[in-house]
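Asker: Starting from the known structure of chain A, fit chain B onto it as the hints suggest.
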Amino acid sequence: MKALSLVLAQLCFCAAALAAAEKPAPSQKLSDLLTTKGGDGKPVVSPEQRAYFDGLNDRLRDLLNSAADAEIITRPDHLGSILALALRPQKMEVLLQDNCVLCHTDPEVQKPETLFVLSGGSNKPPAHLNLRDLVDDVHFGRGLSCAGCHGGDPANAKLEHSFVKEWPGNGRDKNRDWIPPFCARCHSDPGFMKDFNPALPTDQLAKFKDSPHGKRLLEAKDSRAPQCVSCHGVHGIRNAKNPLSLVYRKRVPETCAACHSDATTMAGFKRPDGSPMPTNQLTEYRLSVHGRAVLERGDFAAPACNNCHGHHSAMPAGLSSVNQSCSLCHAGNASLFDGSKHKQAFEKHNWPQCGQCHGNHPIMKTHDGWLEPGPASPCYKCHDEYAKDNPDCSPSAAYFYTSITQMDRAWHRFSETAEQLAMRGLDVDPIHDKLNDLADNVKQARSYIHSFSKPVFQRVTAPGEQTVQTISKLVDDAKSKYRARQIGLVTSIVLIGFVMLALYLKIRSLER
Amino acid sequence: MAEPGRGRGVVGWLDSRYQITSLIEFLRHKEVPKGPHSMVWYYLGGTTTFFFMLQVITGVLLLMYYQPGEATAYESIRYLTTKVPFGWLMRSVHCWSAHLMVISLVAHMFSTMMLKAYRPPRELTWVTGYIMFALTLGFGFSGYLLPWNKLAFFATSVGTDLVKSVPGIGNWLLNVLRGGPDVTANTLYRFFGLHVVILPLVFVGLIAVHLLFVQRQGMAPPVGAKVAPHGMKFFPNFALRDLLLWLFCFTIVLVLAVFLPYGPGIPGMDWELGQKADPLAPAFPGIKPEWYFLWEYQLLKEFPPHLFGLEGPQLCLLLVTFLLVIWALIPWLDRRATRDEPSPGFSDFGWGAILFLIFLTLKAWDIGALQSVDSPASLKVIARTCALWTLAAGAGIIGIRFLVYRHRWFWFSGAALLHVALHGLVGLSYLTAGAIAALFAAIAVIVPLVRSRRRTATAGVAP
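Chain order of the listed sequences is A and B. Position 85 (the first sequence) corresponds to 85 in the working numbering; numbering is contiguous. Position 276 (the second sequence) corresponds to 276 in the working numbering; numbering is contiguous.
With the rest of the complex left out, here is chain A (with noise of 0.2 Å):
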């Protein structure tokens, strides 16, 4: 028993032994710089960087010692901010094997414009420069690091700038009409593109050199115009799936405001009728029933901003298109529309089709009471100035408003006595598919509005009325149920109780 413990304590040593010697020892400069001390008597490198090193593997190991003994990494505190990223392996990998990175992650070599940092505390690098941004690039995931747009050799140890041709250079920062074309190289070449992503388009330059913004940039030479990096970001560009991503559904709204709030910025631009471009539609489209559901409850079936205007082809809403735009999701009530007198009365006086009525940005939430006759009514407003003399208007609106607003309250009313009938005891299962019903006729009836016909109207009426005729029956039933179930219970407390009255007379008699 003693011999097994020993031979077992040996092979345990063994195999301690081996597993330490498996790991390849950091060279003596990088072993410095790990050990280096700061100021407060503490290592630079701090625990958690540490930790991080100890787990890496041989590959990862061999890539620093390298870059130590090679003094491309010569501070701790750069080799710090490098393991503070804690990037998964093949990540790491991609990082340690690209000189411009860990050249320009150098404090001591590179300048403040061009020294890419961590921000943390009270440091807050510029965007273009924040390291974490650069290592969750889109592009860097992929395998294509700085090199990939700016030119050179990464694996250059003399740490030699060479750029590629097209790159511009001086003046870049005033004149932006080169990035278009720039990105274009590989997003424009779908030979380029299949390697890494098939299902992305590479129509974005076309689309971008015919709408206004391209045509601002390219042909008017207005850098106030956007171009990619306006939207994308730069050095930090992720999959628009990213909630980190500029054009990410919520935060496309404010990417556009960026440009389109800012009232210097905007300044000089009209829009076709002449009038000055406003700057107030982040604001009404936050209000708005769409702006709500994107921003406030994150349902991304709502439109953003692209969703009407477009992106790379971005334009501004024309009257036809409008309709298209509002079409894309409202398509039963834009056919109703289109089957309408409305329409050909809006073509005439050169209206918005769903805007006149709806509003463009700021669209509110619709409420039965539009229908009801009086000054506040949309379509009153229109009639009493348009179609005075049209004697089917009026009641018709009146016609819509009675009949929903009576369809509507005997939903909630019978939805009120279901709830009273079902919590005494009854089945209430065939009046709730009636109500469902009703709710639908409901639903039907408030889309129906946009035929502005009462016979078509009526089609989704009809059926509702009847449903409310059913419901109210089957409401009656069930009450009458419920009333013999009360006579019952009488009936039988009656019976029992005669029963008793003899039980306690037998009782009296007995004891007497």
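What the hints contain is simulated information worked out from the structure, not anything from laboratory work. Be a bit skeptical, because a hint or two may be false.
Here are the simulated BS3-like pairs of lysine-lysine, each with C-alpha atoms no more than 25 Å apart in a straight line [stated by the list, open to error]:
1) Lys-341/A to Lys-388/A
2) Lys-241/A to Lys-165/A
3) Lys-91/A to Lys-241/A
4) Lys-194/A to Lys-174/A
5) Lys-506/A to Lys-34/B
6) Lys-288/B to Lys-276/B
7) Lys-207/A to Lys-194/A
8) Lys-481/A to Lys-83/B
9) Lys-506/A to Lys-83/B
10) Lys-111/A to Lys-209/A
11) Lys-215/A to Lys-241/A
12) Lys-83/B to Lys-479/A
13) Lys-506/A to Lys-30/B
14) Lys-83/B to Lys-473/A
Answerer: Frame of chain A; chain B shown alone:
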């Protein structure tokens, strides 16, 4: 060849074969103790039996339509209550009589406790009653799952999960109870089997034994009561009174079933079918068991996750087991009652237990909760409100006992009220307050015991 019977007609015919005359003679001479004491408590066993009979009758009728199974249990109950004539009434009466049976049984047990009816020679009557009480809770727990609705499913998941806390065999027990690691159709089949076959068989057997004991030994008069030489005749006088009370109970059940078919709406006393169970759906917050398990549910909540090297639920289970074992052994612990002497300490122990249960149940009902029920502020308000209610109830009970029944021993009920006050009003944790109250009760019991022994010893050596 059977001997000719003494009577004529059916009785004679039966007597000639089964000699039932002796049984009739026994019943004819059976009497219920009569005296200045109240006879009300003698009827509670009968009402419990009546509610059980209602359970059996309505249960059999429900069984004609109920189909156990993941795809059929909920649907069959739904069909039964909505389409089958009087199906709703059967389910409602079944549920109401179940709850009333528990109430009646609890009242019967506490009345037995207070009147010391458990004293020799009736110890086994107490034990059989005690087991029947446990089985009744088992009936409630197993029957709760059978409709396979959402609430029942999650309540059963939470309830059965407690079994895990049994040291050593917890996981094995849980698997046995659920028929697997989770609540599934297997659990439903098991609970169905328990509810309609195993528990009823054992319960009926125990009722027979319990009644046999009662018939052989008669009903116990209270300790020291002056009993009249001739009691009330069991047949027909007492039996007719029983029948009268049963009819009254039946009327009450009918009224409740018609006007409140899904229960009074109190948490833990509500049997609306609701939605079908969905094992994949997340459990919704605030799941609570039936009202008679609420005290244990709340006690579990009062325990921290770990205490004295044990898990909180394990320690809670240990405490509950200890209290239940004491309750079962009362006939042997109450030595004064054995000598037919009043034992006010045990009466007060019963009242203390009632106050203990009242406070925990009120707290489980979140009496006085603020809008966000689980916030620390709300929990404090709940504890204070429930403490005030319990203190008021305790003061009322002690007052009545002091003035009407001339009781003078209140140490246990006092300890229960001290516990409640320290927790609800002073703000100590439930367990700390409990430990102080238990220490108080222990001192109150031990000091007089030691004194009385010393006195006895002194009296023994005195010339």
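Asker: Look at each hint and say if it fits the structure.
Answerer: Checked hints:
Distance check on the hinted pair: Lys-341/A and Lys-388/A sit about 16 Å apart at the alpha-carbon level, within 25 Å; holds. A C-alpha spacing of about 33 Å is found between Lys-241/A and Lys-165/A, which places the hinted pair above 25 Å, so the restraint is violated. For the given pair, Lys-91/A sits about 20 Å from Lys-241/A by alpha-carbon distance, which is consistent with the 25 Å threshold. Between Lys-194/A and Lys-174/A, the direct Cα distance comes to roughly 33 Å. Violation of the 25 Å bound is thereby established for this hinted pair.
Between Lys-506/A and Lys-34/B the CA atoms are separated by roughly 20 Å; this keeps the pair inside 25 Å, and the hint holds. Distance hint between Lys-288/B and Lys-276/B is fulfilled; the C-alpha atoms sit about 17 Å from each other, no more than 25 Å. Distance restraint check for Lys-207/A and Lys-194/A: the Cα-Cα separation of roughly 19 Å lies within the 25 Å cut-off, and the hinted pair is therefore satisfied. With a C-alpha separation of about 13 Å, the suggested pair Lys-481/A and Lys-83/B falls inside the 25 Å cut-off, and the hint holds.
Restraint check for Lys-506/A and Lys-83/B: the C-alpha separation of about 42 Å exceeds 25 Å, so the hint is violated. For the hint pairing Lys-111/A with Lys-209/A, the CA-to-CA distance comes to about 36 Å; that exceeds 25 Å, so the pair is violated. Of the pairs offered as hints, the one joining Lys-215/A and Lys-241/A is violated, with about 28 Å between alpha carbons and a cut-off of 25 Å exceeded. Between the alpha carbons of Lys-83/B and Lys-479/A the distance comes to roughly 16 Å, so the proposed pair stays at or under 25 Å and holds.
With a CA separation close to 19 Å, the supplied pair Lys-506/A and Lys-30/B stays within the 25 Å bound. The hinted pair formed by Lys-83/B and Lys-473/A meets the criterion: a straight-line CA distance of about 18 Å does not exceed 25 Å.
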